[in-house]
Each structure stands twice: as C-alpha cells, then as structure tokens.
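*Asks:* Going down the list, the protein sequences come from chains A and B.
Last residue of the first sequence: 304 (my numbering), numbering continuous.
Last residue of the second sequence: 1248 (my numbering), numbering continuous.
A couple of the hints might just be wrong.
[Stated by the list, open to error] Away from chain B, derived, C-beta distances all over 10 Å, residues of chain A:
#1 R4
#2 L72
#3 Q87
#4 E88
[Said to hold, decoys possible] Label pairs and their in silico Cβ distance ranges:
#5 B:V1241 - A:L135: 36 to 42 Å
#6 A:S18 - B:K1054: 56 to 62 Å
#7 A:R284 - B:V1028: 54 to 60 Å
#8 B:I1190 - A:K133: 53 to 59 Å
#9 B:A1116 - A:K29: 49 to 55 Å
#10 A:G299 - B:P1031: 52 to 58 Å
#11 B:V1137 - A:E25: 30 to 36 Å
#12 B:E1163 - A:D280: 52 to 58 Å
#13 A:H256 - B:V1241: 34 to 40 Å
#14 A:K302 - B:V1028: 58 to 64 Å
#15 B:E1055 - A:L135: 46 to 52 Å
#16 B:V1241 - A:K29: 52 to 58 Å
#17 A:S18 - B:I1009: 39 to 45 Å
If you're looking for bench data, these hints aren't it; they were derived computationally from the structure.
Glycine included, every Cβ here is placed at the ideal spot set by N, Cα and C.
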Amino acid sequence: MVQRPAIIAEGLSKIYPSGALALSEVDLKVRGGEITTLLGRNGAGKTTFVKIAATLLRPTGGRMEVLSCDALKDPYCVRKKIALMPQEGYPLTFPKPGELIEAYLMMRGWGIVDAKMRTRRIMDETGIWEHRKKLVSQLSGGLKRKVLLAMILASGAELLFLDEPTLGLDPHSRRGVWRILEDARRAGQTILLTTHHMEEAEALSDKIVLLERGRVVIEGDVNSIISTIGATHRVEVDATSVDPSELAGYGRLYRHGSKFVLYADRESAVEAAERLMRIDVRVRVREVGLEDAFLMLAGGMKAL
Amino acid sequence: MSNLHREIIMQIRAALTLAWLNGIVAAVRTPLWVASYLTPPLSILVILGFLARKEALAFGVIGGLTMILVYNGLGLMADAAFYRIYLKFQDMIVAGPVRPWSYMMGLALSGLLFSAPGIAVFAIVMEILGITVHDWVEVVAASVLLWAAGSSMGFAISSTFKEMREVWPTTAILTFAISVLPPVYYPRTILPYWASLASLVTPTASAALLLQDSMRIVPASLPETIIAYIVLIVETAAFLVYSSRRPS
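One chain only, chain A, in its complex shape (with noise of 0.2 Å):
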C-alpha cells in the first residue's frame, strides 16, 4: 500500500499583512518516516511554511493537509501530532532541564510515570543528564538549544517540525544532535528541517526542497539536487590574482563575492589548476557539494 505523504501542500501563499510576499503558489509533497530538508536564503519563506503546516499562521491561499488532518480546517487534529522546535526559541530558564523537559511531556499528556521515563532516557541520549542539577539559565546556549531538542523528540510526536534545530550549536554538539534526529528517522518519525547548514542538510536528509521567494525552485534527493549543477568539480581562485581568460573554455564560469569559480569535470578541473599553479596562482580544488548547488540555484552567483 502507497503510504500518504505526512504533509501536502497545495497552492499555498502567503502574504503577510505588510504586503510582502512569503509564499507563492507552493506545491510540496513531504513523505512519512523520512527527514526533509528546506533550504533557501533569508526570507525565502521556510520559516512560514512551518508555521503554516504547525497550523500557527494561516495562509492567504491553498491548501495544507498535514497527517490527513485538514491543517485550515481542523488545526487541533493536526496539533495532537505534532511537535514544533521554533526558530531562535529558548527553554524557560528559571526551571532544571529534567523539570521543564517532564512538564512539557505531561502538558502533551503523557502520564507522571512515562513522563519520567522519557525525560530520563532523552537526557541520557543528548548529553543534558550531567548537567541535571543546574537551573536552565546556568547552561550554555548549546546546552539550552539541546533542552529545547529533547522536549521536542521525547514528545513523541509522530512529526517534528524543526526550525533550524542547530543554530549556535559547535561543529561536535551539532554532530551528536544530527545523531539523535537520524535515531528519530529510524524510529518512525517524520521530520521537516529547516537549515543554513548545508554539510546537515547533506548528512541528513532524504529529500531536498530548496525555496527562493516564496517558491520551490527544485526538490530531489541530495545526489539529484548536486547533479544539477553538471560538473563534478569545482576550481576555486581569487578574483585579483587572475584574469578570467585564464580560466575560459575549462567549464563554466562563475563570480562569487571576491572570487572566480570554475565549475568543470574531474580532468578539466585538474587541467585548469595546473595551468594557474604553473603561473603562481593559488587554487583551490574540490568535489562538487549541495552549497554548490544552493548557491547556482539560489541565485548567489554570477555567471561570466
């Protein structure tokens, strides 16, 4: 049996009361038991299809089924599903981590004992049972962000919705946190991710939905996104050292801020970076990625 996608949009828009335009026409299919990934620039609207499919905001058109619950219609049927880690949120501070992770979960309506249990077990997997004793405001901003993560993945809830879980965290909390949401994954839990990160957004997901103005630009698994940019290497150098002309008929051309990138196949690329070392030039050379991807999509760079 074809299982129904978690989450389906269809047509939604969204235009905030200020006039500006978050959402345009979007259709978008999210499929149960998988991490999805929505990547876009500051303001591409990833944050208001979140609050949108969290039933927190309403859209100004279309229409969003979330776990065949009628988002618009009947929020709470969604609400019983879901659990939500907002953008930039804090846990309350004045409480312990092991207080406020268990009244979050008997607030959702899990029993004393169960809620316990939970707050026991997650604490152990992310690291805050140590630092059980001290109030939430003594902790790191690391260490908060991780007490907001456990209160959401001890809930439960059969979809996560999670609004850039990692900001601030270090490149190894960030790691152990990618962990814990892959342990959720095989769970059974349904994720949406929103991330700036796009080494997470490699690791993790399963689908890529990458947004720009309000509307999707391209979804796919992570290989097909990165197979878009047709090259599988990338020749980095900077934009005073060299004159373009160096580099033309290599690939393809590109000016990103203060620097000249040659996207090329593996021999070309290699070609290339001989000729500019033979003349002094320092390069730099590696195998295409999803940043790559973003950045030709997202329209961060300028072709020459």
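Position chain B relative to chain A; hints supplied.
*Replies:* Quick look at chain B alone, frame taken from chain A:
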C-alpha cells in the same frame, strides 16, 4: 470515559502543570517576584496610613487587594509577551495538543500562586484594622471575577505586542489607568454620578464596588451591583474571545 471527558481532563492537567512550572517552580527559584507583587499596594497603604484617617485605611486595604488581583493580569501580560516574542515558548506549546484556553488558564493560575502571599498579607492587615466582611460570597465572587477579567485582559493586550519594549511602559500606564485613577483606593461617591457609573467600565472599579459593598464601607444599590457583575463577566468573555481568535 468519553473522548470529551478525556480531552477536558488532559487540558486541565496541562493548565495545572503549567501553573506548577510557571508559578511554584518560578516562585521558589525567584522569590523576589512574589515580593514585587506586594510593593505597589503596600506603598499606597503606607502613604494612606501616614496621611489619612483610620477610615481611609479601609479603602487602602480594598484598593490593595484589588491591585494585587489585577496585578496577576499585568504580570501575565508580561509573561505571555516574553514567552511568545522572545522564548517562542507559546509556539512550542500551542503547536501541540495543548489548547489555547488551557495555556492561558495555566499562566493565569501561575499568577494567582504568585499573588497568594500578598492576598494573605492583606487579609492579616484587614484583621488588624478590624475590617469586617459582611458578605463573603460577594468577596469571593468579586475576587475570582477580577482575577479572570485581569488575566484575560492581560493576555489579550499581550497578543498585540510586537516587541518586548512595548510591555514595560504599557504595564506602568495600565497600573495607573485601572488601579489608581478609578475609584479603587477612594469612594466612588466623591465622583459625579455619571463619572462613578462610567468608571465601572474598568474591571478594578467594578470589583472595588463589590468589595466596598461586601464590607459595608460604601453600600451599593442593586442596579450598581448587577452592572459590576455584568462588566466583569462580559469583559472576561470578550478578552478571551479576542485572544483566542487573534490571527498570527
């Protein structure tokens, strides 16, 4: 047990859990907040004690009680705004099984826990001053309705804030506009009749009318009593509807 019963029990439990967290846990960790609820009404009582006759102290006590109860609403206004705008705690809770009314109830109950010590202090002052309550039902009804009206008003106003810095001046202005200006600390009889009636539009003046009547300090006529009850009930309902329907 029907689904409706289960749902109601779950929502009440959610409200009580939030009240425990935001009331008891917060008060234990920051007891200064509890004391802060007492300082404005006690300040006015002290001034009245120095400057006025003993009879005026009765107005000071009733005004103090009224102010503490409505301070719940003002405290809730600040908490609700902080939790919505800065912490995004409201989004986390409401984008879940907790109904908006349950969330509001939890915050309102937590405010009551904060002000309970203040109410106890004023009850002791009443005993010391020999102020007798003639109608306990009226006292309890006025207090509960004022708490409900103040809390729903606080929540409704907080939902209009876009930035935290709007909260502090609003609190100061509202404290003056609804606790000091209307006949809360003084008898409404010194106002022209039309002004005394108009003042009842504030929940504090309506509650003070009932409290002053219950202690036979300024007896109220039946129409005045009915108007006061209607104002408190209608304002509570109106603010609740406004808060729950306000679009994001």
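*Asks:* Decide, hint by hint, whether the structure agrees.
*Replies:* Structure-based check of all given hints:
1. R4: 21 Å, holds
2. L72: 12 Å, holds
3. Q87: 8 Å, violated
4. E88: 7 Å, violated
5. B:V1241 - A:L135: 36 to 42 Å: With a Cβ separation near 37 Å, V1241 (chain B) and L135 (chain A) satisfy 36 to 42 Å, so the hint holds.
6. A:S18 - B:K1054: 56 to 62 Å: Holds, since S18 (chain A) and K1054 (chain B) (Cβ atoms, about 58 Å apart) stay within the stated range.
7. A:R284 - B:V1028: 54 to 60 Å: 56 Å Cβ-Cβ, so the 54 to 60 Å window holds.
8. B:I1190 - A:K133: 53 to 59 Å: 57 Å, holds
9. B:A1116 - A:K29: 49 to 55 Å: Cβ of A1116 (chain B) to Cβ of K29 (chain A): about 52 Å, so the range 49 to 55 Å holds.
10. A:G299 - B:P1031: 52 to 58 Å: For P1031 (chain B) against G299 (chain A), whose Cβ atoms are near 55 Å apart, the range 52 to 58 Å holds.
11. B:V1137 - A:E25: 30 to 36 Å: With Cβ atoms ~60 Å apart, the hint is violated.
12. B:E1163 - A:D280: 52 to 58 Å: 54 Å, holds
13. A:H256 - B:V1241: 34 to 40 Å: Once the Cβ atoms are compared, 53 Å apart, the range 34 to 40 Å for V1241 (chain B) and H256 (chain A) is violated.
14. A:K302 - B:V1028: 58 to 64 Å: 59 Å, holds
15. B:E1055 - A:L135: 46 to 52 Å: 48 Å, holds
16. B:V1241 - A:K29: 52 to 58 Å: 36 Å, violated
17. A:S18 - B:I1009: 39 to 45 Å: 42 Å, holds
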